[in-house]
Amino acid sequence: MWYGHWVSRRRLLGRATSLIASGILWLLLFLVLPGVVLVVVAFMSRDADGQIVWSATTENFRRLLGFGILGWSADNGWIFLRSLWVAGVTTLVAVGLAYPTAFFIAASSPRLRYVWLSLVVVPMCTNLVVRTYAWELLLSPQLPPSMFAAWLGLIEPGRALYPNPGAVYVGLASTALPFAVLPLYTNVERLDWAIVEAAEDLYASRTRVFFQAILPQTLPGLSVAVILTFVPACGMFVITDRLGGSNFWLVGNLIQQQFGPSRDIPYGSAVCIVLIVLTLLGLYLYRRRGKAIELV
Amino acid sequence: MAAGAGEAVVGCFRSMLAAVGLRGQPGAVEVQGSTGGMPGKVGDEGGPAVSHDLNIEGISKYFGPVQALAGVTFTVKAGEFVTLLGPSGCGKTTLLRIIAGFERSDEGHVRLGERLLDDLPANRRPVNTVFQSYALFPHLSVYANIAFGLRARHFAAAEVDKRVEFGLGMLQLDGLAERYPHQLSGGQKQRVALARALVNEPEVLLLDEPMSALDAKLRAEVQIEMRRLQRKLGKTFILVTHDQDEAMTVSDRILVMNQGRIEQIGTSSEVYEKPRNRFVAEFLGAANLIPAELVGPRTVQTALGMLELRADPRWERGTLAIHPERIEARRTPPKSNGVRVRVKDAVYRGDHVELLVEPGPLRVQAVPGINFEIGERLWLELPAERLEVLLD
Numbered sequence: 001m002w003y004g005h006w007v008s009r010r011r012l013l014g015r016a017t018s019l020i021a022s023g024i025l026w027l028l029l030f031l032v033l034p035g036v037v038l039v040v041v042a043f044m045s046r047d048a049d050g051q052i053v054w055s056a057t058t059e060n061f062r063r064l065l066g067f068g069i070l071g072w073s074a075d076n077g078w079i080f081l082r083s084l085w086v087a088g089v090t091t092l093v094a095v096g097l098a099y100p101t102a103f104f105i106a107a108s109s110p111r112l113r114y115v116w117l118s119l120v121v122v123p124m125c126t127n128l129v130v131r132t133y134a135w136e137l138l139l140s141p142q143l144p145p146s147m148f149a150a151w152l153g154l155i156e157p158g159r160a161l162y163p164n165p166g167a168v169y170v171g172l173a174s175t176a177l178p179f180a181v182l183p184l185y186t187n188v189e190r191l192d193w194a195i196v197e198a199a200e201d202l203y204a205s206r207t208r209v210f211f212q213a214i215l216p217q218t219l220p221g222l223s224v225a226v227i228l229t230f231v232p233a234c235g236m237f238v239i240t241d242r243l244g245g246s247n248f249w250l251v252g253n254l255i256q257q258q259f260g261p262s263r264d265i266p267y268g269s270a271v272c273i274v275l276i277v278l279t280l281l282g283l284y285l286y287r288r289r290g291k292a293i294e295l296v
Numbered sequence: 297m298a299a300g301a302g303e304a305v306v307g308c309f310r311s312m313l314a315a316v317g318l319r320g321q322p323g324a325v326e327v328q329g330s331t332g333g334m335p336g337k338v339g340d341e342g343g344p345a346v347s348h349d350l351n352i353e354g355i356s357k358y359f360g361p362v363q364a365l366a367g368v369t370f371t372v373k374a375g376e377f378v379t380l381l382g383p384s385g386c387g388k389t390t391l392l393r394i395i396a397g398f399e400r401s402d403e404g405h406v407r408l409g410e411r412l413l414d415d416l417p418a419n420r421r422p423v424n425t426v427f428q429s430y431a432l433f434p435h436l437s438v439y440a441n442i443a444f445g446l447r448a449r450h451f452a453a454a455e456v457d458k459r460v461e462f463g464l465g466m467l468q469l470d471g472l473a474e475r476y477p478h479q480l481s482g483g484q485k486q487r488v489a490l491a492r493a494l495v496n497e498p499e500v501l502l503l504d505e506p507m508s509a510l511d512a513k514l515r516a517e518v519q520i521e522m523r524r525l526q527r528k529l530g531k532t533f534i535l536v537t538h539d540q541d542e543a544m545t546v547s548d549r550i551l552v553m554n555q556g557r558i559e560q561i562g563t564s565s566e567v568y569e570k571p572r573n574r575f576v577a578e579f580l581g582a583a584n585l586i587p588a589e590l591v592g593p594r595t596v597q598t599a600l601g602m603l604e605l606r607a608d609p610r611w612e613r614g615t616l617a618i619h620p621e622r623i624e625a626r627r628t629p630p631k632s633n634g635v636r637v638r639v640k641d642a643v644y645r646g647d648h649v650e651l652l653v654e655p656g657p658l659r660v661q662a663v664p665g666i667n668f669e670i671g672e673r674l675w676l677e678l679p680a681e682r683l684e685v686l687l688d
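As they're listed, the protein sequences go chains X and R. Taking the working numbering, I'd label the letters of the first sequence as residues 1 to 296. Taking the working numbering, I'd label the letters of the second sequence as residues 297 to 688.
None of these hints come from the bench; they were simulated from the model. Glycine included, C-beta positions come from ideal geometry on N, C-alpha and C. What you were told as hints is all true, and nothing was included just to trick you.
Facing chain R, a subset of chain X residues (Cβ under 10 Å, in silico):
#	residue
1	R208
2	V209
3	Q212
4	A213
5	P216
6	Q217
7	L219
Footprint (simulated), chain X over chain R, 3 or more residues, beta carbon under 8 Å:
#	stretch
8	412–420
9	426–432
10	439–450
Next up, chain R with everything else stripped away, as it sits in the complex (with noise of 0.2 Å):
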């Protein structure tokens, strides 16, 4: 469905940006008939009408030599909240960028639904940002601000208010249709951006690391916010940040990214408790790695001594990982998989006391109440149903 049916489009201005080398490749210069139509009715009102899955095959890109995406390919369904995952240069945000149409794939396919996006300007995905900086226009109201996707597609006032005031009602913004971006605070401008985005009815809303440029306390309230409002909506949400703890609060579905290739795709509780490889157990909550080598039927000799596994492992060496919390700290000796160590040092953090120990290096979370001596010996249980076993 054209949601983009917009007026007269981009292309040009963009070719003459590129002529100047300031940003990305020429869009295709098109020009399509204003048809005034309008996708999708406003959220409570019916529903979305028709939505499609977001397929992304094998989509790689280059900067310069520089690979920054590496045949990545997966599939958004419809209505799902997706979280791209991943440190500071994975390629996330470069890969949002094309999905929004603001970079061009040197290979690989956008896909929505049956309909291909690659050769679409921006202007006309059914495909809206919420930017990192906002990007509000300062020059702009609220609520010109909310209304400036509308009015580019000429949609009658009467829409474009009706619009307006369900925006702002949604994101709690009433009252403030009259301030200037300059007379907000972090919180209000990132719920005008929302709404800016959402009045538009995109099939998919892109939100580039949104929360980084509030607080902690602000952003852990904004996630629970942005989740119940995709659930609300029904929208296909994707979400990039290099925060595990917002990825695991508001997704459906994560995706970890690492030097432009994805290296697990799961829910929360999958990439958390089962990571695949090294990397993904590190940065999701930071697991404690241990080189192991295989030496009889699920058993493995490791530097902490030999370790009991659930099932055989794939390898002859490898790695194995278990969170800090996995590990029981307790004064007698387990049935199994017991480690004898020694308390190094001790930090006690309200909810849960850190051990180091030796031999390591092992961080180990245990629960309170005990009070572990610093150079006081003990037993730690690595229990194997708690042991993943990584490929690599």
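Looking at chain X on its own, in the form it has when it is part of the complex (with noise of 0.2 Å):
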């Protein structure tokens, strides 16, 4: 392409202008705009009917750090933490269990690839709550993989495998899945083998071999897999709800909780910024120390 036409900055900025305006249109209709309602209404108060009441406060902000009319309290700080720890575990199994899946899938027959990857994807095609819904019925005391607890001893017979905090780690690793798969399948697909043979032939061991020559080589789609689990993670509620029981809150739970049932949206958005601002933080951190490890 030629761009010599363009000889001046002014019609060079113009014609850069016009080309990403629907991009920049979309990004203010959709990202900041919202962004700025929601960091504006964080600092309102709402009165008895739910409505926003348009005076500027911190109120919302300190019940957030756990001061409330009934005193200190650290609810909020144990959902925090809780949903840290639950975003931890769910990242841990789903690439846990993408990672051989990976290899499974690219070194499958061309043909074969397809139906597998498809096999991956095709949950994400149904809705969150259905399958939510499904996990409920799996899980229900009279089939097998209740029995099968029951069974072992840890349930009572006759009783669900849900509520409680394993049946949330399924249904959140399940719906991670496909968002790690993904990733690490297309790393894999173009993994280098001549470095896995240079490795063999230098006399490395079978553990040397994949912690020297393919581990490094997966890095960039394991931080990947790792962004896209975790993230959305922290933010779930429909399945923590349904199958985690109403003592299992997560910071999606507790945002819910203040645009559903108890219409206060500007403690909702204060807890939406909150977690928006610690996500950036804690990506920001991981792409740091990312670019140390990916020196490639």
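Join the two chains, each given in its own frame, into one complex according to the hints.
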């Protein structure tokens, strides 16, 4: 392509602006505008009917830190910590399952690969709520998983395998799995096997081959997989609500509660902002560390 | 000698990959205690300890219905520089991979001296490879790349350091130890790959087209360097290439391969001057092939006329070969084997003039100096001592 006719800086800028205008507009409408509204609303309060009262206050953030009408409580702190923990475990399970799956798919014949990939992706096409109800059915008392758990003595006979934390992990990990498999698969598919052979040629044991020749090559895919599972898992509420029971609250449930039953939109906005800020901070630290690893 | 005196070993991982159909067959699962032993000594400190001939005994390999190697047999003497030369798909790389332990042969054996290597996985063979793509570990520095094989065998840090320093010096990589592969030029990468293999003191060094990624000028320099290095170390080198110039520059002996078979084994001059068959004659130096029919004692009839030979061929109808530079172009008739031709085209190439003549097709490389006119009638002498009688 020839760019020589954009002689002046102004024309160049004009042309560039016209090219990216639609994208900018999209971001303005659906990212910047809601973001600004969220921040503004977070500093407001509400009246008894749940209407937003337009007077600035930091009360919502004080409440979030645990200073309520009945004195200080650690509940919100626990909710955030539990969310991080649950998202961490979900990531570990999902990425742990996705890693060998990606190798398995990449090793299949080209025709089979599409079959496996479709099987991984198809669940994403169904609604999350429907999928969660499906898990309730699968974990119900009359079906083998519950009966097997009862036989092992893990639960009382005749009880379902939910609500409990284990069911939440099952639900979250199964939701996250496609997002972990896809980036890992694209990474594994273009693995340089000559490097693996070089390691074998240079007397490496099989563990050394894995850690020195395979794992370093899959770090880019791993890092994407971790982000794509961890971040959404932080904000899930349907799965925890249905499969975790009323005691198993995560940040997502806290937010949903404010926008739903409590009708406290300003407080919900404040929780959202804290979650977003924490996520961005985490991503920033993660990428900074990542750069040191992905020297390549 | 157990050069691969490594620690625990392969098998499992390869089997796992094989199970999912990724690559070759599973290697034998074998576990051996670490001896920390050190095979041989570093280069110039008294030379290699013991070297063995490498015997390739009737190796065959099939990829599905395709036969990649058809019973290849030869011996590489200890300290010899042998090149496997052939067009792509001739089986030379497969043979190299079988020697390295990346593939298993379907028939035949690889033996180093008396020791059978067939069941040894790649990481237990006293053989190292320089890969075509170099396959340097991108996340490791030059130092760590070169130290890889030594650390995998749990050499003491001091010994690792000594050998890596030696390798860096030997290949003029001083000052690059802390660099990473992506910061190196092609030539530097190649030297790191060489050093990484050589510091392990392998009995046999395998080179898989290591110069194909270098530009022509650098390649010529590296070929000379490679030859010098091999002479200095006295190690067995086996090079795979499709470049006949490269093969002739570096090798003690050349194995010309085609369709999974060895067409000819010999020194550079043997395979060039005395090709056995049409394939070798054409692949090395693009010789002129002349179909001929035996008509009398040491006399054949060809499209160019009657030609005399040094000796009687073993066939009634067959082929003669002569290199373009062995044909002498002149304006006066020679005593024997003269052919009267007309110049179709003459191309000045600096060190020679390339003539295309008819009847033909016949390629002639004449010394520059005579001005050949297109359409001019000439005499060509095809000296009997330069006419090679091929087997086919």
